[in-house]
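There are 2 protein chains.
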Amino acid sequence: MKITPVILSGGGGTRLWPMSTPECPKQFLKLAGDATMFQMTLARVMDRDFFTPPLVVGNGAHAALIAAQAQEAGIADARVILEPCARNTAPAIALAALAVDDVKAPMLVMPSDHLIADVPAFHAAIMAALPLVEQGWLVTFGIEPTAPETGFGYIRIGAELAASVSRVERFVEKPDAATAQAMIDAGNHAWNGGIFLFRADVYLGALASLAPDILHAAQSAMAKAETSGATIRPDASAFAASPADSIDYAVMEKADRVAVAPVGMGWSDVGSWDSLYEVSPHDAAGNSIQGDARLIDSHDNLVRSDRLRINLIGAHDLIVVAHGDDVLILPRGHSQDVKKLSN
Amino acid sequence: MKITPVILSGGGGTRLWPMSTPECPKQFLKLAGDATMFQMTLARVMDRDFFTPPLVVGNGAHAALIAAQAQEAGIADARVILEPCARNTAPAIALAALAVDDVKAPMLVMPSDHLIADVPAFHAAIMAALPLVEQGWLVTFGIEPTAPETGFGYIRIGAELAASVSRVERFVEKPDAATAQAMIDAGNHAWNGGIFLFRADVYLGALASLAPDILHAAQSAMAKAETSGATIRPDASAFAASPADSIDYAVMEKADRVAVAPVGMGWSDVGSWDSLYEVSPHDAAGNSIQGDARLIDSHDNLVRSDRLRINLIGAHDLIVVAHGDDVLILPRGHSQDVKKLSN
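If you read the protein sequences in the order shown, they are chains A and B.
Residues 1 to 343 in my numbering are what the first sequence spells out, letter by letter.
Residues 1 to 343 in my numbering are what the second sequence spells out, letter by letter.
Don't read these hints as lab results, they were simulated from the structure.
Don't be surprised by glycine CBs; every beta carbon is placed ideally from N, CA and C.
Incorrect hints may have been included.
[What the hints assert, rightly or not] These stretches of chain A come out as covered by chain B in the derived footprint (C-beta under 8 Å, 3 or more residues):
#	stretch
1	310 to 316
2	320 to 330
[To be verified] Here are the in silico distance ranges between beta carbons for each label pair:
#	chain 1	residue 1	chain 2	residue 2	range
3	B	Gly33	A	Gln71	49 to 55 Å
4	A	Ala147	B	Asp292	35 to 41 Å
5	A	Gln71	B	Glu72	31 to 37 Å
6	A	Ala147	B	Val119	57 to 63 Å
Chain A extracted, bound-state conformation (with noise of 0.2 Å):
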């Protein structure tokens, strides 16, 4: 039985300003390679063999973007349901779950803004997973943590119910940092990256139970969808009826049967430009470099740039990034007080 991918590519993080805007947020940007994440997402579920053709829940303002970028990749078979407007992850996977084509089949949820540079050990995990998914079990992939991260939740494992997957014990919510310590010298701690594996019917049989506010809603959005070709557009206000809440307050940290399936697989949520530093690729003196700009005598820098010419003499350990008319420029390690500008 095929896995139906459902990627979710409604996302707006601004994070990353000011490449990442919410006209085209950093899933559509290639800040990481030659493709955008976004497009890496659609790339890891293309084998027809294991994965039928995706399913994209996205923002209706990106529908251009989508379309695009689906193309560019090579990626004629995507479905897209376009979210009239944002109401969380437990909505929109409601309306994937609605549109696919087998309720029983598995369905893989995905962020379109991670990367995983282990695609083959991303794969194994689901082949892990699949079992236990095809009894029921809700499953989500823990990332194995590699620093006590204080923006991420934490996942504590418990019982294993298979090779390779174990009981949730529980969620933790984003810590502070000696809790997020305590965590990682435990050791039975993941972090939760929001991947997803389950069948269509046993999320939405959870949602029954747990939220039916937002099945409901999800329902009558998608009775009264307009669909054009391969693009679904759901009932604008019926969807705006619903509640706005994540999958795992709304479903994940309250059903039974929940299960983790721990996987190290190379993956960043590139939550930063710091982050993005650290999994990009460097040249011999530590720089990573997109754009028109010329170092002399620097090194360990992030450069990004769209359009302007960035020049940099004796400059380390600075993250410059330009975009439009506006230049970024502070020193690595800093790259959380982006916010601190308020765009």
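With chain A held as given, fit chain B onto it using these hints.
Using the frame of chain A, we list chain B on its own:
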């Protein structure tokens, strides 16, 4: 007898790239305030009780800039000699000496790309030098050195000729660091700031004996000049025949009666971005900003932007200059390396 100001505006320095370009070199940029250095130079000699209307000797390519900036500065009576090609300062000053109304009147020759913070001190030094000038001396103003700079020529101050004016014992070309330090320690040295006071006839006489080819080329170029209103265009081929030489080499270092008027007047040649930072106003955090900029947790930076918005977070001691589509970024203290970009 009034003094005729001669303002040399032909320089095309590129050490302040990307702002300063051959098309619009630093003297025409509002780098240090609301006026350009060219305009500040005009303003220093605008007292018509003391100075005649100025003679500007400039690059033909800058004719429109010169006219517009003189007008903006409220100087309506300037005459302009447009050099058809660059032949360094000795020929440029010869053109001016041949254009003055009264060859026995003192000429005050000034570069237009320097700052003078204490104009009354400058005027006092001029007054001190005038009696010797009227007796036929060639006077240069000696800048009180503030550091062992290796980028300037030095003057060894000799015996006093009058109050605050001494014979030049010798000129010292740009020294190495040890020699510069030794001169600073000795205390009887000044920087050669390129500002001169002498009678036109005395200068032309010195040229006649020391650099007759320059004199003859200038005479020929002015004899065939085209004059239109206040603009004089010396003949191109005649002027091109002149040797290219500085007034220092061609005249001052070889002439007999050469004096120096040492003066502390807050002089700066603004020869680099670091130098501009030193002479510019700063806010309480030590930032010197012109243009559209947002600074968060940032201190002691120089920011100049003519169009782009510069966003600094947690940055300190940086030089950031944006002009057109170029952005230059370097740590303070490295601005002599701008030349490494070899634009």
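Cross-check of the supplied hints:
1. 310 to 316: With 6 residues close enough to chain B, the hint holds.
2. 320 to 330: With 8 residues in contact (Cβ-Cβ under 8 Å with chain B), the coverage given for the stretch 320 to 330 of chain A holds.
3. B:Gly33 / A:Gln71: 49 to 55 Å: holds, 54 Å
4. A:Ala147 / B:Asp292: 35 to 41 Å: holds, 36 Å
5. A:Gln71 / B:Glu72: 31 to 37 Å: The hinted range 31 to 37 Å is violated for A:Gln71 and B:Glu72, with Cβ atoms some 54 Å apart.
6. A:Ala147 / B:Val119: 57 to 63 Å: holds, 59 Å
Comparing the model with each numbered hint stated earlier shows that hint 5 is the single one that does not hold.
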